[in-house]
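Visitor: Residue numbers (our numbering), protein chains in the order written: chain A, 1 to 319; chain B, 1 to 459.
Quick caveat, the hints were computed from the structure, so don't treat them as lab data.
Just so you know, even glycine gets a beta-carbon here, dropped at the ideal spot from N, CA and C.
Just so you know, not all the hints are guaranteed correct.
As the list claims (entries may be wrong) - In silico DSSO-like cross-links for lysine-lysine, where the CA-CA straight-line distance does not exceed 27 Å:
#1 B/Lys94 x B/Lys200
#2 A/Lys268 x B/Lys289
#3 A/Lys50 x B/Lys247
#4 B/Lys431 x B/Lys289
Said to hold, decoys possible - Estimated spans, in silico, between C-beta atoms of each pair:
#5 B/Ala103 x A/Thr55: 18 to 24 Å
#6 B/Asn403 x A/Gln67: 31 to 37 Å
#7 A/Val115 x B/Thr69: 37 to 43 Å
#8 B/Ala311 x A/Ile52: 54 to 60 Å
#9 B/Pro306 x A/Tyr25: 20 to 26 Å
#10 A/Ser160 x B/Ala265: 39 to 45 Å
#11 B/Gly139 x A/Val161: 43 to 49 Å
Said to hold, decoys possible - Covered by chain A, according to a simulated footprint, are these stretches of chain B (three or more residues, beta-carbon under 8 Å):
#12 70-76
#13 91-101
#14 258-264
#15 300-307
#16 357-370
#17 395-402
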Amino acid sequence: MRKKRKSISYAKWGYIFIVPFFLCYFIFSLIPLVDTIRYSFFEYYRSGIKEIGPTFIGMQNYTSLLQSDMLKYGANTLILWVIGFIPQILIALLLAVWFTDVRLKIRGQQFFKVVIYLPNLIMASAFAMLFFTIFSTNGPVNSILMSAGIITERIDFMGSVFGTRSLIGFMNFLMWFGNTTIMLMAAIMGISIDVFEAAEIDGCSGFKRFFYIILPLIRPILAYTLITAIIGGLQMFDVPQILTNGQGSPDRTSMTLIMFLNSHLKSKNYGMAGALSVYLFIVSGILCFFVYKMTNDDDPDGSKRAAKKRAKEERRRRK
Amino acid sequence: MKKKVVSVLLIASMCIGALAGCGGAPKSEGGTDGAEEGKVINIYSWNDEFRERLEAVYQEVEKTSADGTVTTLKDGTEIHWIINPNQDGVYQQKLDEALLKQADASADDKVDIFLSETDYVNKYTDAEADVAMPLKDIGIDPDKDMADQYDFTRTTASDMNGVQRGSTWQCCPGLLVYRRDIAMDVFGTDDPAVIGEKVKDWDVMKTTAEELKAKGYYTFASYADTFRLYGNSIEDSWVKQGETTLKVDQKIIDWVKNSKEWLDAGYLDKTVKGQWNDDWNKSMGSASKVFAFLFPAWGIDFTLKPNWDGAEGAWAVTNPPQEYNWGGSYVHACTGTDNPEHVKDIILAVTANKDNLLKISKEYSDFTNTTSGMQEAAKDNSYASAFLNGQNAFEYFAPVAENIKIAPLSAYDQGCVELIQNAFSDYLQGKVDYEKAKTNFETAIKERYPDISEVQWPE
Chain A
1 MRKKRKSISY
11 AKWGYIFIVP
21 FFLCYFIFSL
31 IPLVDTIRYS
41 FFEYYRSGIK
51 EIGPTFIGMQ
61 NYTSLLQSDM
71 LKYGANTLIL
81 WVIGFIPQIL
91 IALLLAVWFT
101 DVRLKIRGQQ
111 FFKVVIYLPN
121 LIMASAFAML
131 FFTIFSTNGP
141 VNSILMSAGI
151 ITERIDFMGS
161 VFGTRSLIGF
171 MNFLMWFGNT
181 TIMLMAAIMG
191 ISIDVFEAAE
201 IDGCSGFKRF
211 FYIILPLIRP
221 ILAYTLITAI
231 IGGLQMFDVP
241 QILTNGQGSP
251 DRTSMTLIMF
261 LNSHLKSKNY
271 GMAGALSVYL
281 FIVSGILCFF
291 VYKMTNDDDP
301 DGSKRAAKKR
311 AKEERRRRK
Chain B
1 MKKKVVSVLL
11 IASMCIGALA
21 GCGGAPKSEG
31 GTDGAEEGKV
41 INIYSWNDEF
51 RERLEAVYQE
61 VEKTSADGTV
71 TTLKDGTEIH
81 WIINPNQDGV
91 YQQKLDEALL
101 KQADASADDK
111 VDIFLSETDY
121 VNKYTDAEAD
131 VAMPLKDIGI
141 DPDKDMADQY
151 DFTRTTASDM
161 NGVQRGSTWQ
171 CCPGLLVYRR
181 DIAMDVFGTD
191 DPAVIGEKVK
201 DWDVMKTTAE
211 ELKAKGYYTF
221 ASYADTFRLY
231 GNSIEDSWVK
241 QGETTLKVDQ
251 KIIDWVKNSK
261 EWLDAGYLDK
271 TVKGQWNDDW
281 NKSMGSASKV
291 FAFLFPAWGI
301 DFTLKPNWDG
311 AEGAWAVTNP
321 PQEYNWGGSY
331 VHACTGTDNP
341 EHVKDIILAV
351 TANKDNLLKI
361 SKEYSDFTNT
371 TSGMQEAAKD
381 NSYASAFLNG
391 QNAFEYFAPV
401 AENIKIAPLS
411 AYDQGCVELI
421 QNAFSDYLQG
431 KVDYEKAKTN
441 FETAIKERYP
451 DISEVQWPE
């Protein structure tokens, strides 16, 4: 009787409760993932309504991708990401510091937090559509500038490489700086208030406070933000797709990798699209590895090296 | 014990919840009773146009549900409308999925009728693909039942061997639609006959364009406006049956050259880049300086009218500088349909019955597909349109329709037409040079159609 009692384990309920997730994951994520990789070695597309393939062709999809403009689109993606990310992180840091500074006593903080987060709630495609309309050659922005006498001839924003890229960067900035601000605020608020007080008593200036206290202490979150932003940037799709009507115009200079992938999917070219996805998967995988390493650090300083160093010192001292 | 029951229920509901979110919508109900004709007719289309036409003229229609997805016929058969937007190829994607599953689908899920547009009709009428049934196989004799249709519409809906595999209620001859007030200002008259003389061919048109420019007007909005006149009169199809080489026709290069010349000369509005965008729509408004558009009947009704913000009667139509055809929706009986009788009945009623077609012309000012009917309409002033200030457009449409020679089609047309315009847009706007535009087109077309191995340009 007693023995039976002992063997009661509630752990199984835990397993049962997570089964639905694993089932879903297996059916809707893992199998397609494996299939994608499998098809990347095949010639497999649709011509009209006739299916061609699948015929095994080995690495041919991979090599022909390398010979295509893929790297150029990769560079486009990187450029578009950088021009959005730099202002995003700078403004987000500034706002996060301001909002968490108890001495500034900013009024209506909640209101501002909501406002800066709002652009993120709009669907990216709707946002791009809106920008497309207001920055079109005959759109309101041009009209306002004309009637204000700032310009004499209408600016063709989306006709130039600079214009299109800046618009995409600007949109990405607008959409994501609120999110980043809130993330960084959480990190800053995690710093003990005692540290700031002590620094203040020692006569620490605002700049010093930022560079010597805040920045080092929020490093893990900062790194996390950076990596997730890079992964997000790699997947940049809807904004440039809608803004340039899927063409990456002018001259395919704002064509991103996922837009490239999308144009393969449009022709149901599963083989080529699979190979491109695998490339993206590898790059994302490497980035994820970094973020995993960083977030798994238990050292408050955020770096593994510091932790190791300390452990070594500890050992030495014990000797 | 009670706890156990509760937790089992909880788990069950979680599983169902999790799976239901991912699964597809439940399939339509109603079993087959083993009779010859099925109870459900599935029609694939990209908008409500065909449904409206069918409701207007098909005698058997009893009622349509409020959301427009189910039409019930008098004998109890239900028509299920499966509508997917044309944009970005969504419609074709969904249709293709359904067609690939056609053989295994249960009777009520089979596609019975589907529609296609001129740009991609060839993909579905292909004899080898065999998804659109030859009309003869469902008991329609095209030579007898459709003798009154315009020849080119019948050719368009036929496969390589000349077997007709579809039919249409409309025929889309294009015209030149122009602003009466601008004509008055520049030429001192808005008489369609006089204006018609001024735009009768491209050479005369250029002189007219110069006159318009002198008064500060643009002849057309965008270089894309003239594309159909060149593109739909190519000598040979983009890709010949069984080949993988894409041949760009000389006419397309002519379009590029002329467009460049016209754009640089200031006859076209530089700020309007292509069609179907905001700038283009605005150029149909009253504040615009654009004199004319090249449109078939549907263009006037669906595109120009909603964008015009001035008084009614400000536009008029006249002959285009070159005869052309733009668009057209084809109705196909799908191979494997379980309702051959109904399908035959519907196709005949909507596309081959002269009275029905004239009714469509009157109600929707659509140019319909009967030669004799349209000749009558051209002479009958009850077909006049208030939007065109009482002008009877059919008078101008009918002769154009009779002269149309449809360009040879290929399954690659839609991609070619879209991508060549995109690639050369950059060139026309001076962003890239001519050679670069050519390479960009080659890259894009091979991306869209992986089986195209080579692109040949005319000398």
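Visitor: Are the hints correct? Go through all of them and say.
Guide: Taking the hints in turn, this is what the structure says about them:
Distance hint between B/Lys94 and B/Lys200 is unfulfilled; the C-alpha atoms sit about 43 Å from each other, more than 27 Å. Between A/Lys268 and B/Lys289, the direct Cα distance comes to roughly 43 Å. Violation of the 27 Å bound is thereby established for this hinted pair. Under the criterion of a C-alpha separation no larger than 27 Å, the hint pairing A/Lys50 with B/Lys247 is consistent with the structure, at around 22 Å. Among the hinted pairs, B/Lys431 with B/Lys289 is consistent with the structure: their alpha-carbon atoms are about 25 Å apart, no more than 27 Å.
The supplied range of 18 to 24 Å is met by B/Ala103 and A/Thr55, whose beta-carbon atoms lie about 23 Å from each other. The given range of 31 to 37 Å is broken by B/Asn403 and A/Gln67, whose C-beta atoms sit roughly 47 Å from each other. Hint check: A/Val115 to B/Thr69, Cβ distance near 41 Å, so the stated range 37 to 43 Å holds. Between B/Ala311 and A/Ile52 the beta carbons are some 55 Å apart, a value that agrees with the proposed interval 54 to 60 Å.
The beta-carbon spacing between B/Pro306 and A/Tyr25, approximately 47 Å, falls outside the hinted interval of 20 to 26 Å. The beta-carbon spacing between A/Ser160 and B/Ala265, approximately 23 Å, falls outside the hinted interval of 39 to 45 Å. At roughly 59 Å, the beta-carbon separation of B/Gly139 and A/Val161 lies outside the given 43 to 49 Å, and the hint is violated. Residues of the region 70-76 of chain B lying with their CB closer than 8 Å to a CB of chain A number 0, which falls below the three-residue condition for coverage.
Look at the region 91-101 of chain B against chain A: 3 of its residues bring a Cβ nearer than 8 Å to a Cβ of that chain, three or more, so the hint holds. Chain A is given as covering the region 258-264 of chain B, and this is violated because 0 residues of the stretch bring a CB closer than 8 Å to a CB of that chain, at least three being needed. Restraint check on the region 300-307 of chain B versus chain A: 0 residues with Cβ-Cβ distances below 8 Å, three needed, restraint violated. Evaluation of the coverage hint for the region 357-370 of chain B: breached, as 0 residues show C-beta separations to chain A shorter than 8 Å, against a requirement of three.
With 0 residues having a Cβ less than 8 Å from any Cβ of chain A, the region 395-402 of chain B misses the three-residue criterion, and the hint is violated.
Consistency note: the structure conflicts with the earlier hints numbered 1, 2, 6, 9, 10, 11, 12, 14, 15, 16 and 17.
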